[in-house]
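Participant: The residues making up each chain are set out below.
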Amino acid sequence: MNGRTLLTIAVKDLKEVRQNRAAWIPALVVPLVVVVLLPVGLILIPGLFRATTISMTPLSADSGPIGMMRERVPALDRALVGLDEYQTWVVLMTGYLLAPFLLIFPLMFSTIVASESFVGEKERKTLEALVYTPASDGELFLGKALAAFVPAVLLTWTSFLVYGVAVNAAGWRVMGRIWFPPASWWPLMLWVAPAFAALGVAVTVLISTRVRTFMEAYQISGSLVLLVLMLVLGQVTGVLYLSAGMALSVGLALWLVDALLLYFGIRTFRREALLVGG
Amino acid sequence: MVPVIEVEALTRSFGPIRAVDGVTFQVYEGEVFGLLGPNGAGKTTTVRLLNGVLKASGGRARVLGIDPAADGCALRRRTGVLTETPSLYERLTARENLLLFGALYGIPEADLPRRVDRMLEWFELAERAEDRVGNFSKGMKQRLALARALLHEPPLLFLDEPTAGLDPEAARQVTDLIRQLSHQEGRTVFLCTHNLPEAQHLCDRVAVMDRGRLLAIGTLEELSRSLWGGFQVEVDFLEPPAVPVADALRLLPDVTDVRSEPLRLTVRVTGEATIPAVVEALVRQGARILRVSPRQPSLEEIYFEIRKEAQP
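Heads up: the sequence lines are chains R and D, in that order.
Residue numbering for the first sequence follows the numbering used here, beginning at 1 and increasing consecutively.
Residue numbering for the second sequence follows the numbering used here, beginning at 1 and increasing consecutively.
Heads up, some of the hints might be wrong.
[What the hints assert, rightly or not] Sample of chain R residues lacking proximity to chain D, with all beta carbon distances greater than 12 Å (derived):
(1) Lys12
(2) Leu48
(3) Gly120
(4) Tyr132
(5) Gly143
(6) Thr158
(7) Val276
[Unchecked claim] Below are the DSS-like pairs computed for lysine-lysine, each with C-alpha atoms no more than 25 Å apart in a straight line:
(8) R:Lys125 with D:Lys308
(9) R:Lys125 with D:Lys55
(10) R:Lys125 with R:Lys15
(11) D:Lys55 with R:Lys15
[Unchecked claim] Computed spacing ranges between beta-carbons, pair by pair:
(12) R:Lys15 with D:His183: 56 to 64 Å
(13) R:Ser136 with D:Glu130: 50 to 58 Å
(14) D:Ala310 with R:Leu227: 54 to 62 Å
(15) D:Ala9 with R:Thr209: 54 to 62 Å
(16) R:Val29 with D:His183: 28 to 36 Å
(17) D:Gln180 with R:Val29: 47 to 55 Å
(18) D:Arg179 with R:Leu154: 47 to 55 Å
(19) R:Val33 with D:Arg172: 54 to 62 Å
(20) D:Glu29 with R:Val225: 51 to 59 Å
(21) R:Leu227 with D:Glu185: 42 to 50 Å
(22) R:Ala244 with D:Lys138: 56 to 64 Å
(23) D:Glu300 with R:Ile25: 27 to 35 Å
Bear in mind the hints are in silico, worked out from the structure with no lab data behind them.
Here the structure is a predicted model, which is why all the values come from computation and not from measurement.
Positions of the beta carbon are idealized from the N, C-alpha and C atoms, including for glycine.
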């Protein structure tokens, strides 16, 4: 493997994505909403309710849906011990329920770039010149995969950082301390998020031989978001609590699936198949 | 003559279709070799096989001493390919395109910007170097694609329809460049084209391919001789001969065909040595000869004759 070749292919793919506004504008808007507007709104809006004396009874530790969740998930209950109603709301919403939403980012970023890189190139008929270069099939694959994977992980971690700043800043008056991130977020971000990024790449590579346009690939691979929504649903209903241990297990399962899919992806990614199939 | 490409019984099938069917030929160092044939003849598949981009179903090939199937990466470092469509990154600038491919072809980083500048200058694209390729005319794209193929200074060039879609001036620039690359710089050029006058103008030898099979190969003279046997000579008269002269020529042993017009005879002979005897016979008949000129059939005539003979 030639490092310069890998870097050249990856940088080229990212430059191409940069020129495709339809690809990167949603990739900026969605994180802005999830990372800044949503948590800040969730933290500040109950404060307005309190100011107008609207009751926060549903947030009570002992009653309503949150009480039920605490009952079902002892680990969550322990995390909320000693917090008042408003603090419970802040920790529950921004430290617990929103956590899986950030896992949308590695999937979204990686599928956008991978769709552009693996399918967009076929769509724009630029593959032929690329396959006549001395780059090996492995270098072409890895360069393109890295272009999708590395920025997806880095952007997710950046979003995590921004989210942390937004949550701590907006919740400062409520919490009186820097409380975010809770321990369970670290395996989610460092272990599960990269696994989701790899999943986005692997699925896009596999479907790239069967679809013809960037949008087609993006739409199909974008349906992977359903997996994240299942995690959200699991958290909300109390079926699943993304504790550190659970995150490590989910991440391991994802990495195993990634390895399998990437194995098949690499096998299909041969310049001959790209030309003849394309 | 040093062979740069050696191909023996090369075959490539796609399912039941044989895109390249037992092709055997050699291309020599420094020559412009034309591969002619209609769409679907197997020209592009041959180029792909010779660059190790496709694997052969049978037969063998050696290009620049390398087996394309075994070490395509090493081979492609030494070949430059102009594909039928320019395959440029239209969202990137001309300079970015060349820098990208220069890096992929392994040009040293320190040397790359200088080489890119030189290519942009040479192909008269320097002023548009920072413009996105998507805004270029077809001719500019073709020039940029040629610059990309030449950037790493390969000794062997594969050019697929290099002047397709170009205006006459741009096409002339490209053909002049190909001649320069071959005749002045000693590079070998493997040219795939439909453009028969262009092939005649450029190629030292040509091969005609159809439905995957090689129908004929050689210089124009060799192909003409194998098709019709010998040379064709045109004899122009100052005035129509007083007596029919064609019959007298037909009696000569090495004359194979005579076609007569009022002021011209077209005579086919088996060899150059027969020409003086033809002239002598005509003078003896009292013909007043204005001019005797050998006539080489055009590549177009040769091409269609080869195709006609190949019809089942």
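Participant: Take the hints in turn and mark each one as holding or not.
Facilitator: Against the structure, the hints come out as follows:
Separation of Lys12 (chain R) from chain D is inadequate, the least Cβ-Cβ distance of about 5 Å not exceeding the 12 Å criterion. No Cβ of chain D comes within 12 Å of the Cβ of Leu48 (chain R); the nearest lies about 46 Å off, and the non-interface call holds. Here Gly120 (chain R) does not stay apart from chain D, with its beta-carbon only about 10 Å from theirs, under the 12 Å limit. Against chain D, the non-interface label of Tyr132 (chain R) is violated: not every CB pair exceeds 12 Å, the least being about 4 Å.
Annotated as non-interface, Gly143 (chain R) brings its C-beta within 12 Å of a C-beta of chain D; the closest such distance is 9 Å. No Cβ of chain D comes within 12 Å of the Cβ of Thr158 (chain R); the nearest lies about 24 Å off, and the non-interface call holds. Separation of Val276 (chain R) from chain D is inadequate, the least Cβ-Cβ distance of about 7 Å not exceeding the 12 Å criterion. Between Lys125 (chain R) and Lys308 (chain D) the alpha-carbon distance is near 35 Å, which puts this suggested pair outside the 25 Å criterion.
With a C-alpha separation of about 21 Å, the suggested pair Lys125 (chain R) and Lys55 (chain D) falls inside the 25 Å cut-off, and the hint holds. Between Lys125 (chain R) and Lys15 (chain R) the CA atoms are separated by roughly 17 Å; this keeps the pair inside 25 Å, and the hint holds. With a C-alpha separation of about 32 Å, the suggested pairing of Lys55 (chain D) with Lys15 (chain R) is violated against the 25 Å cut-off. Taking the beta carbon of each, Lys15 (chain R) and His183 (chain D) are about 38 Å apart, not inside 56 to 64 Å as hinted.
Our hint of 50 to 58 Å for Ser136 (chain R) and Glu130 (chain D) is violated, since their Cβ atoms are close to 31 Å apart. Hint check: Ala310 (chain D) to Leu227 (chain R), Cβ distance near 59 Å, so the stated range 54 to 62 Å holds. About 31 Å separates the C-beta atoms of Ala9 (chain D) and Thr209 (chain R), a value inconsistent with the hinted range of 54 to 62 Å. Take Val29 (chain R) and His183 (chain D): their Cβ atoms lie about 58 Å apart, and the range 28 to 36 Å is violated.
In this structure the supplied range 47 to 55 Å holds for Gln180 (chain D) paired with Val29 (chain R), their Cβ-Cβ distance being about 53 Å. Taking 47 to 55 Å as the suggested C-beta distance range, the pair Arg179 (chain D) and Leu154 (chain R) conforms, at roughly 51 Å. Roughly 58 Å separates the CB atoms of Val33 (chain R) and Arg172 (chain D), a value that falls within the hinted 54 to 62 Å. In this structure, Glu29 (chain D) and Val225 (chain R) meet the distance hint of 51 to 59 Å, their C-beta atoms being roughly 58 Å apart.
Leu227 (chain R) and Glu185 (chain D) have their C-beta atoms about 58 Å apart, which leaves the hinted 42 to 50 Å range violated. Checked against the hint of 56 to 64 Å, the pair Ala244 (chain R) and Lys138 (chain D) passes, with Cβ atoms roughly 59 Å apart. Remark: the range hint 27 to 35 Å for Glu300 (chain D) to Ile25 (chain R) is contradicted by a beta-carbon distance near 54 Å.
In terms of the numbered hints stated before, the structure departs from hints 1, 3, 4, 5, 7, 8, 11, 12, 13, 15, 16, 21 and 23, listed from lowest to highest.
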